[in-house]
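Visitor: One-letter residues, chain by chain:
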Amino acid sequence: MKKEQLLDLYHQMVLIRRVEERGAELYQAGKIGGFMHLYIGQEAVSTGLIAAREPRDRVITAYRDHGVALNCGLSADSVMAELLGKATGTSKGKGGSMHMADTEKNMWGGHAIVGGHLPIAAGFAVGDQYAKNDNVTICMFGDGATNIGYFHEALNLAKTWGLRVLWVCENNQYGMGTAVKRASAVDEIRQKAEGYGMKNAEVDGMDVMKVYEASKAAIDYVRREGQPYLLEINTYRFRGHSMGDPERYRKSEEVKKWQESDPIGIFNKYLLEKKIATRKALDEIEARVEEEVAKAVEFAETSPEPALSELFADIYADN
Amino acid sequence: MTKITMREAISQALMEEMDRDPAVFIMGEEVGVWGGTYAVTKGFFDKYGADRVKDTPIAENAIIGGAIGAAMVGQRPIAELMTINFAFSAMDYIVNQAAKLRYMFGGQFMLPLVIRAVGGGGRQLGATHSQTPDAIFAHFPGLKVVSPGTPEDAKGLLKSAIRSNDPILFIEHATMYQVRGEVPDGEYLIPIGKSKVQRPGKDLTIVTYCKGLELSMKAADELAKEGIEAEIVDLRTLRPLDMEPVLESFKKTNRAIVVEEGWKSYGVGSEIVSRIYEEAFDYVDAPIIRVAQKEVPLPYNRTLEQAALPQVHDIVAAAKEVLK
Ligand SMILES: Cc1ncc(C[n+]2csc(CCOP(=O)(O)OP(=O)(O)O)c2C)c(N)n1
Ligand SMILES: [Mg+2]
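Taken in order, these protein sequences are the chains called Z and P.
So for the first sequence, my numbering puts the first residue at 1; every next one is plus one.
So for the second sequence, my numbering puts the first residue at 1001; every next one is plus one.
By construction, these hints were calculated from the structure, which means they are not laboratory data.
No false leads were slipped in.
Computed, partial: chain P to chain Z, Cβ under 8 Å: (1) E1030; (2) V1033; (3) G1035; (4) R1123; (5) Q1124; (6) P1299.
Below 27 Å or equal to it, Euclidean Cα-Cα: the simulated DSS-like pairs (lysine-lysine) are: (7) P:K1196 with P:K1225; (8) P:K1251 with P:K1194; (9) P:K1251 with P:K1324; (10) Z:K181 with P:K1042; (11) P:K1047 with Z:K251; (12) Z:K210 with Z:K256; (13) Z:K251 with P:K1054; (14) P:K1294 with Z:K31; (15) P:K1054 with Z:K181; (16) P:K1003 with P:K1042; (17) P:K1042 with Z:K251; (18) Z:K181 with P:K1047; (19) Z:K210 with Z:K269; (20) P:K1264 with P:K1218; (21) Z:K210 with Z:K2; (22) Z:K181 with Z:K256; (23) P:K1218 with P:K1251; (24) P:K1251 with P:K1225; (25) P:K1264 with P:K1294; (26) P:K1003 with P:K1194; (27) Z:K216 with Z:K105.
From chain P, some residues computed to sit far from chain Z (all C-beta separations above 10 Å): (28) F1105; (29) S1164; (30) Y1177; (31) E1226; (32) M1243; (33) K1252; (34) E1279; (35) A1280; (36) V1312.
Note that beta-carbon positions come from the ideal geometry of N, C-alpha and C, so glycine has one too.
Okay, chain Z solo, but in the shape it has when bound (with noise of 0.2 Å):
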């Protein structure tokens, strides 16, 4: 990779990081409601894979989606607005922080309902291998999501069919307060991916580089052989499940000791130990994102709330 798509990535991660931590605030401060899980801690995973994709592919996720959203090029106004509810969010404001979607950037989502969405990420692969093309899809979804049905049907279905879907399950050791050996007959979520006969993969999930390489590979294998893939990125979610959650399944120490391996942190050094960047660079980096972060917020605060007619629009596309 450039040095300026280096720092890019690096600039990205922060972005994600500062957008989650005035989120939080706002949270704590009343403004966003709902449910609202952050992604902190696990930057490097969306950011090196959305890096290695191309901009026709097609990426979806889980409810845990503003660091995807950010990754895909939806704007930090627009991921600011959606968290607020405001008429100028991603959707509307009607989806909030578990639905963010820009499908013009091939961002098809958060979802909501925990592994729903694999079987329609193999839809969009039939889509595609109907239509002929060699787009690939991203899926991306938690350890959890391993363990109902939807995932086991997906996977048998894509490689019965050659789909063009990289499986992509980010295990952060915990589906809500389970760990994963308390949910899963395997903890290495990747051998489920042998059951299906599919080829699989397992990547440091704090290290952005790490992830970029694994997940190009994967992507090249997808495209080239008209097969899906399974790539297991192991990572660690720094703060509960979503506000408000209690934790009391882990220790603080556990915490602590991932908070040593800080994605943000890991790259920081990787870019200046290779003379990639001088610290002056990155200080500017984290510099302008405090801006746009604040001027973010600015604009989901300023922007209007939805009109009572958008209730009843989008129900469906014939009204």
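Guided by the hints, dock chain P with the ligands onto chain Z, whose structure is given.
Guide: Same frame as chain Z, but now just chain P with the ligands:
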């Protein structure tokens, strides 16, 4: 009598029945170590252990299907769906298996299963997480559907549900866990399939249940200020439906509205209104009005969501309309 919250009432019912009968156990997502997503089973894991408070994988079919199987062979599982919205992920097990197996095999076994599920809107959770789909479950013979509106009823009905030998869907409301109410001291049961007059009145009948009861009670207070006395009949159980108190009240007031949180079309209100027309047509003095949710998937935005949900002022307006 003691004043407790809905959460405490449900929690007490579960504990009392678990203490009483070793065949009773709980299975569901985050019911154990987490203590229940809505803190209803807080402390249960430490008290009863992993054997009786089973944290399951995220696998709704395995939760409901598994509980059905355990019930068929003689245990008394309480399966918890984190929210009723995830019942759709287990729809086949609820409506095609639980509701039919006993009948289809000529009554060879019993199915003492309780499915606890929390539903309802008003928390800005978006379209897939805010539903009140009670009516569709009540559509299926073979299933019983209970949905209480007070702590007293919640406790007594849940205890009866756990002792019942049939599959029962027990629906709670996400915004009502802090609702407080008097419950009798000591052990008591409330029979399933009995509606109840929660507030006497003579001018009109409000038929409702669950969240609708809370809203209707407030509306009745408003109406009382204007000298209108509404009688509130709480269905408490949607199937089997007990129309007796409804008809008795209606024959006295001759005017009614039905209040529910779910969508109006094909809803609980539709059923109640047709029953009244079928069974008490001669007593009808005014068209019966249904107050329900606007026919839209619920949006995240708070103002829009509230505009879609039935409100106290909608009930007051409907009451005045039938009294015109
Ligand atoms: C079908 C269904 N069941 C349960 C839930 C409630 N729920 C939301 S997130 C979640 C945990 C998911 O864990 P995982 O897949 O590991 O993703 P993570 O939150 O760790 O990113 C659960 C149980 C749901 N949304 N959908
Ligand atoms: Mg997880």
